[in-house]
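Taken in order, these protein sequences are the chains called Y and X.
In this text, residue positions in the first sequence follow our numbering: the first is 1, and each later residue adds one.
In this text, residue positions in the second sequence follow our numbering: the first is 1, and each later residue adds one.
Since the hints were derived computationally from the structure, they do not count as laboratory data.
Beta carbons are placed, not taken as given, at the ideal position from N, Cα and C, and that holds for glycine.
Take these hints with a grain of salt, some might be off.
Taking lysine to any residue pairs in the SDA-like style, the calculated list, with each CA pair at most 25 angstroms apart, reads [said to hold, decoys possible]:
#1 Y:Lys120 / X:Lys83
#2 Y:Lys135 / X:Lys83
#3 X:Lys83 / Y:Gly235
Stretch-level coverage of chain Y by chain X, calculated; a stretch enters the list once three of its residues show a Cβ under 8 angstroms from a Cβ in chain X [to be verified]:
#4 83-90
#5 118-129
#6 269-276
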Amino acid sequence: MIRYGDTIREIAKKILEEKTVDLIIGFKKGTLPITTEPVLIKDTQNSDQLYWDSFCNMNLANYLPKRGEKIGIIAKGCDSRNIAVHIVENQIKREQLYIIGVPCKGMIDRRKIVSFLGGKEVREVTESDEDITIKGEGFEHTLKKNDYLQNNCSTCMHRNPVIYDAIVGDLVEERKDPDPYDDVKEIEGIGLEERWESFSDLIKDCIRCYACRNACPLCYCPTCFVDESGPQWVGKSIDPTDTMTFHILRAYHCTGRCTDCGACQQACPMDINVKTFTRKLNKDVLDLYGCEAGLSIEERPPLDTYKPDDYDKFIR
Amino acid sequence: MSDKIIKKEELTNILKALKETYEVIAPVKENGFYSFKPFKDGGNIDLNFTNTRLSPKSLLFPQSERIFEFNLDEKSKDGYIVKEHPKDYPPSVIVGIRPCDAKAFKLVNINFDNPEFKDPWWVKRMEAMTFIGLGCNEPSSTCFCTSVGCGPFNEESLDVMLFDLEEYFLVRALTEKGEKLLKQGRVDKDVDEGLQKKADELRIKAEKKISSSVPTDKLKEKKINDLFNAPFWDDVAFACINCGTCTFLCPTCWCFDIQDEVTKTVGDRIRNWDSCMFPLFTLHASGHNPRPEKVQRVRQRFMHKLNYYVDKYNTGVACVGCGRCVKYCPVNVDIREVFSLMNGL
Ligand code: SF4
Ligand code: SF4
Ligand code: SF4
Ligand code: SF4
Ligand code: SF4
Chain Y
1 MIRYGDTIRE IAKKILEEKT VDLIIGFKKG TLPITTEPVL IKDTQNSDQL YWDSFCNMNL
61 ANYLPKRGEK IGIIAKGCDS RNIAVHIVEN QIKREQLYII GVPCKGMIDR RKIVSFLGGK
121 EVREVTESDE DITIKGEGFE HTLKKNDYLQ NNCSTCMHRN PVIYDAIVGD LVEERKDPDP
181 YDDVKEIEGI GLEERWESFS DLIKDCIRCY ACRNACPLCY CPTCFVDESG PQWVGKSIDP
241 TDTMTFHILR AYHCTGRCTD CGACQQACPM DINVKTFTRK LNKDVLDLYG CEAGLSIEER
301 PPLDTYKPDD YDKFIR
Chain X
1 MSDKIIKKEE LTNILKALKE TYEVIAPVKE NGFYSFKPFK DGGNIDLNFT NTRLSPKSLL
61 FPQSERIFEF NLDEKSKDGY IVKEHPKDYP PSVIVGIRPC DAKAFKLVNI NFDNPEFKDP
121 WWVKRMEAMT FIGLGCNEPS STCFCTSVGC GPFNEESLDV MLFDLEEYFL VRALTEKGEK
181 LLKQGRVDKD VDEGLQKKAD ELRIKAEKKI SSSVPTDKLK EKKINDLFNA PFWDDVAFAC
241 INCGTCTFLC PTCWCFDIQD EVTKTVGDRI RNWDSCMFPL FTLHASGHNP RPEKVQRVRQ
301 RFMHKLNYYV DKYNTGVACV GCGRCVKYCP VNVDIREVFS LMNGL
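From just these sequences and the hints, can you work out the full model?
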């Protein structure tokens, strides 16, 4: 996976030189180990900044809406699906994009590493195909990457980009695991009151910083409902009711559009797994309509279509 | 008062004694991270931390605070009268606060307690608070306190300093408030020379361990317009997703918004943290927004900390180098790099 970097830089240089694109959106190496920073590259002198490793967790599709240029963009499986969602929702045109696809083997969850180290700090990190080696003051550990993946990556069924113009390596084998929704079923299985309790507990540390919302490519509304001031739909304090309103409404706005990319969860400074909400809706949309978001740029999203032969009478 | 010494296991009993007079607040580990919470007799205190996830600023400046209440029923006897929401300000003590977070309180104090304006809630809480600091034996790789006028054993904003000497704490009273508190807690055993020396060495060693630094020497002479129009803001801002993480976690960010919340005829006036990263922060009632784009909001955050504040108060930058924004920014926007860019322009 780490070797993708060379190919990414090569392709980037070429398409910038040939003026296929005006700019490239990718990742550069972070100022801290186990972090990366999204970057915009405009010329070939800077294209060597482009970087790849297993900590490119953010979803670059987030940086597309409202751009007019011709854009080269690096896309993992999930990013490519969110790009597809953007295209279907008219946030960007397919012709504007040169998608550099990355067959993804999963991103590592920084928090799992931090919690494994229990307070010690990573000062240096190297990785090979299967392993990651972390070093710090007085320790060195080699860990199996697969044991430290983001939860959504260990159940991801679309690791290869769904649309791309170039690909940086051989396609990876897609998982055949029949059911990635064990966690959702667990919550579905408990009683109503317990469920409410578990959701309340989930968000009890939320500080309403909105990192989850802002990291999400789906949240491109010019003004989010929580930021409306006339009328004001939801209170702005950290009253649990208002916080819950934010989370539930945000999740519902993502119904049938969420790709389970995990950016929202990774962005949260309070370690809240906000994906718990959207995953339930992803499962519902799959069960009810047989749809997963962002697999095609031709099909309208399920909650945006009408079929005369709908099985529900009220809509006919 | 000369330095005192206590055995580590005595701390819990001392805090229990203090609880008779003070509200005791201490670092507690919950859900995998540290925060300042009320100390419980069972001993939930855990001093084994580098920095709490959220700064302790909410103890004096809560994220959401009811400040006034009102009644909109004309017929009621207090109809249309705004009253201050009643509150207690019990004497309190924060145990284990890091020197940078304590310095941040001093820095924010300029905003809430100055000859022109006095924020009554802040001022009363500040008066009631005693700060027992804990020096940082093991600073984090993202700590850069020593280059912004603080340090792992900086004493300037504390009432008492604790030096962690393996089995002992060396306890140093730094103010009258601190002395009073030590008397209350019956901390009276003088330290011997050996441990005193060990504490000094510890401080020097910790300062050397700070591996991260930022340049600040030229910030004072910079012209506001040069920095404001600097060519680097687009690059600095590109990755930023304009969330509130950096400003909400920061111990020195002091901005707030005031909201009225009404149920039927009664309402509360609430003060909430706000952030210059949010578009709503500058939205005018007319619909005009003077900072409509992300790049302008990102620039505001850094200009405020490293230029406006510096120019206005002449006491250095509005950053204590705690490293929270560096560690928890989801897209690695690193203020240390912005220091270099602004100082080096
Ligand atoms: S809700 Fe979360 S997982 Fe779903 S698309 Fe948005 S950021 Fe990705
Ligand atoms: S990122 Fe986390 S703390 Fe911030 S609003 Fe979302 S859930 Fe709450
Ligand atoms: S700098 Fe980072 S933490 Fe601050 S608003 Fe931008 S993305 Fe959020
Ligand atoms: S700006 Fe960042 S490093 Fe400075 S005090 Fe605030 S959170 Fe800490
Ligand atoms: S203007 Fe921004 S940087 Fe300055 S105190 Fe307010 S929130 Fe913090």
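Okay, the hints, checked on the actual structure:
Of the supplied pair hints, the one linking Lys120 of chain Y and Lys83 of chain X is violated, its CA atoms being roughly 50 angstroms apart against a limit of 25 angstroms. Simply put, Lys135 of chain Y and Lys83 of chain X have alpha-carbon atoms about 58 angstroms apart, too far for the 25 angstroms limit, and the pair is violated. Using a Cα cut-off of 25 angstroms, the hinted pair Lys83 of chain X and Gly235 of chain Y holds, with the two alpha carbons roughly 21 angstroms apart. Counting residues of the region 83-90 of chain Y whose CB lies closer than 8 angstroms to any CB of chain X gives 0, so the stated coverage by that chain is violated, three being the minimum.
With 3 residues bearing a CB less than 8 angstroms from a CB of chain X, the region 118-129 of chain Y meets the requirement of three and the coverage assertion stands. For the region 269-276 of chain Y, the stated coverage by chain X holds: 3 residues have a C-beta nearer than 8 angstroms to a C-beta of that chain, and at least 3 were required.
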